[in-house]
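Peer 1: Protein chains in written order, with the working numbering: chain A, 24 to 133; chain B, 308 to 436.
Hints in this document: simulated from the structure, not taken from any laboratory. Since the model is a prediction, treat every value here as computed from it, not as a measurement. Among these hints, one or two may not hold up.
[Unchecked claim] If you want a taste of the chain A side facing chain B, the calculated C-beta under 10 Å gives, among others:
(1) Tyr63
(2) Pro67
(3) Ser83
(4) Pro86
(5) Gln87
(6) Ser90
(7) Ser92
(8) Gly93
(9) Thr96
Beta carbons: idealized from backbone N, C-alpha and C, even for Gly.
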Amino acid sequence: VVLTQTPLSLSVTPGQPASMSCKSDQSLLQTNGKTYLSWYLQKPGQSPQLLIFEVSSRFSGVPQRFSGSGSETDFTLEISRVEAEDVGVYYCLQGVLPFTFGPGTKVDIK
Amino acid sequence: QLQLQESGPGLVKASETLSVTCSVSGGSVNSISYYWGWIRQPPGKGLEWIGSIYQGGNTYYSPSLKSRVSISVDTAKNQFSLRLNSVTAADTAVYYCARHGTPISISGVIIIDWPFDSWGQGALVSVSS
């Protein structure tokens, strides 16, 4: 499975929304009705941290300003009001073996 | 709280074998609920899954690296390790260890229903010519 992310980079004013896309070259919808697409944020100099799993479920401790949506091949991560601590690279990951990550979307602050 | 810590040589010569170990604390590699995986990130580039292992020794490997990779687990030391042989400069990367859910089969498709939720800080391994 090949994942494509757009845009490659995003510059956002604090307090403004941000949105990024992850597209798969094949449907990630499984026969159990679930879709195993997750999102990660890698802050500068840190390891990736899990934000969203199964398309739209927030991981423990993740702020409500982060939300995921989408289905089958098209997925979106939205940040309702960007904060300075949200800078970094956002990756999507699909959970079908062999696991693959998207190339990432870099977010910085204007 | 689960913590993972990678340790490695820092520098490996081309054509030799890279070896990195992940020490787990605050949890057990013997857990029946999780697999333990390796992911790498070349400098300035994206993430690549290398492979994963279960406490019983069952492994899954990336097809692109399968011929050169071996992952093992030492339940007594609560560690798991990565070996990558015949390395080249292209293997220079930060190597991360991480935990994920046990793979399940859905209509013949192997998936993980719980993604990588805890990561180590990473170990940079450079390959010299």
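Peer 1: Now, for every hint given, state plainly whether the structure supports it.
Peer 2: Now the hints, each set against the structure:
{"no.": "1", "hint": "Tyr63", "result": "holds (8 Å)"}
{"no.": "2", "hint": "Pro67", "result": "violated (12 Å)"}
{"no.": "3", "hint": "Ser83", "result": "holds (9 Å)"}
{"no.": "4", "hint": "Pro86", "result": "violated (17 Å)"}
{"no.": "5", "hint": "Gln87", "result": "violated (19 Å)"}
{"no.": "6", "hint": "Ser90", "result": "violated (17 Å)"}
{"no.": "7", "hint": "Ser92", "result": "violated (17 Å)"}
{"no.": "8", "hint": "Gly93", "result": "violated (16 Å)"}
{"no.": "9", "hint": "Thr96", "result": "violated (16 Å)"}
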